[in-house]
Amino acid sequence: MMSTKKNNMAKQKIRKAPFLIIFIFLVLGIIGITVNEPSRVLEQATQICLSCIGIG
Amino acid sequence: MDLIRKWVQALFFLLTNGFWNFPITRGIYKGPLKIVCSPGLNCYSCPAATTYCPLGSLQQLLGGIRMAIENGQFFFGFYVVGTMGVIGGFVGRMVCGWACPFGLFQELLHKIPSPKFGIWPHLRYVKYVLLAFMVVLLPLFVLDEFGFGSTWFCKYLCPAGTLEAGLPLLYMQPSLRANIGPLFYNKLFFLILFVGWAVLASRPFCRTACPLGAFYALFSKIKLVKLHLDPAKCTHCEACHAVCPMGVRFNESPDDMECISCLACSKACKFNAISLEIGGVSAVNQPKQSAPRLKKPTPAPDTAH
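Taken in order, these protein sequences are the chains called A and B. Counted the way the working numbering counts, the first sequence spans residues 1 to 56. Counted the way the working numbering counts, the second sequence spans residues 1001 to 1305.
Derived from the structure by calculation, the hints contain no laboratory data. Built from N, CA and C at the ideal position, the CB exists for glycine as well. Some hints could be false.
Dumping the calculated PhoX-like pairs for lysine-lysine here, alpha-carbon to alpha-carbon at most 20 Å [said to hold, decoys possible]:
{"id": "1", "chain 1": "B", "residue 1": "K1221", "chain 2": "B", "residue 2": "K1111"}
{"id": "2", "chain 1": "B", "residue 1": "K1267", "chain 2": "B", "residue 2": "K1233"}
{"id": "3", "chain 1": "B", "residue 1": "K1221", "chain 2": "B", "residue 2": "K1270"}
{"id": "4", "chain 1": "B", "residue 1": "K1006", "chain 2": "B", "residue 2": "K1233"}
{"id": "5", "chain 1": "A", "residue 1": "K13", "chain 2": "B", "residue 2": "K1221"}
{"id": "6", "chain 1": "A", "residue 1": "K13", "chain 2": "B", "residue 2": "K1233"}
{"id": "7", "chain 1": "B", "residue 1": "K1267", "chain 2": "B", "residue 2": "K1111"}
{"id": "8", "chain 1": "A", "residue 1": "K16", "chain 2": "B", "residue 2": "K1221"}
Computed from the model, here is a short list of chain B residues facing chain A with C-beta under 8 Å [unchecked claim]:
{"id": "9", "residue": "K1034"}
{"id": "10", "residue": "I1035"}
{"id": "11", "residue": "S1057"}
{"id": "12", "residue": "T1083"}
{"id": "13", "residue": "G1161"}
{"id": "14", "residue": "L1170"}
{"id": "15", "residue": "M1172"}
{"id": "16", "residue": "L1176"}
{"id": "17", "residue": "F1184"}
{"id": "18", "residue": "K1187"}
{"id": "19", "residue": "F1219"}
Generate coordinates for the entire structure from the input sequences, incorporating the hints supplied.
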């Protein structure tokens, strides 16, 4: 039963494109981290943006 | 599976809005979790928000790009876009159906008894225009006298920001009420529009105006986790058309950019023709009672066109 299931999974072609896309965006994110962008994001996200919510 | 989805939606709602101390602090959460991206649309100025909104952060970074470069900081939005892209590459618009608080809000509104209507299919393209202009181009190129771009989508349209941040903050901080002006009434108009529309039609904001959904939709053909149609099993009975909350005709376009992988079609299909696949390998087939393999009845000659 288990071996049949494994054979069926092996017959299905594994798509490589999603892994490539995820890798590319992962690299992009790491570049962002190396230039210290998360600290800027944190700084923005911990302040109330009044104009953003229609009160500024 | 639908019950599991509801639990996942509730879990993500609580995870991205987990700061329940706000009635005491009367402000927003300022802790380190705000370095984490909210997968769905969730305003970071919401008092309960524990994560950052990718759309809001991206607009802020693009709007301040010139000032950052002048200060020797290369904040081009790579961290935010990279995070959004990784999420998109894994699950794409599955986020809309499983992890977006505003999507959940619209689903609940649609349960209110009322006449129900469809949405003109061509309105789906509006959200791509909003993504290109209000999230990227206008914040990047329309600058104020100090060289800053504005957060156009948040400022003029986003109903999630008005609902989750604007209204609660006005309630908690009465001093802010003096600042209410045309900008607020404009945003309130869009909130009322989408709330009313969500009662009458399924997920109108997701389908017509959400730039985050538009971004994730770009991954619909290549995302890792997606729905798969087995053409050999499909009888073209069109049961999947009737149940789709996004108006997708799944058996005609299995990689439709509107599909949020909510699995409603998979549940409705009596022939196990729709399954969830991960990277090309079938993962979940909803258990079905055995059903006869029927072809769609051919119309009588007098009604056929």
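Here is how each hint holds up against the structure:
| no. | hint | result |
| --- | --- | --- |
| 1 | K1221/B / K1111/B | violated (31 Å) |
| 2 | K1267/B / K1233/B | holds (15 Å) |
| 3 | K1221/B / K1270/B | violated (25 Å) |
| 4 | K1006/B / K1233/B | violated (28 Å) |
| 5 | K13/A / K1221/B | holds (15 Å) |
| 6 | K13/A / K1233/B | holds (19 Å) |
| 7 | K1267/B / K1111/B | holds (19 Å) |
| 8 | K16/A / K1221/B | holds (12 Å) |
| 9 | K1034 | holds (4 Å) |
| 10 | I1035 | holds (5 Å) |
| 11 | S1057 | holds (5 Å) |
| 12 | T1083 | holds (5 Å) |
| 13 | G1161 | holds (5 Å) |
| 14 | L1170 | holds (7 Å) |
| 15 | M1172 | violated (11 Å) |
| 16 | L1176 | holds (5 Å) |
| 17 | F1184 | holds (4 Å) |
| 18 | K1187 | holds (4 Å) |
| 19 | F1219 | holds (7 Å) |
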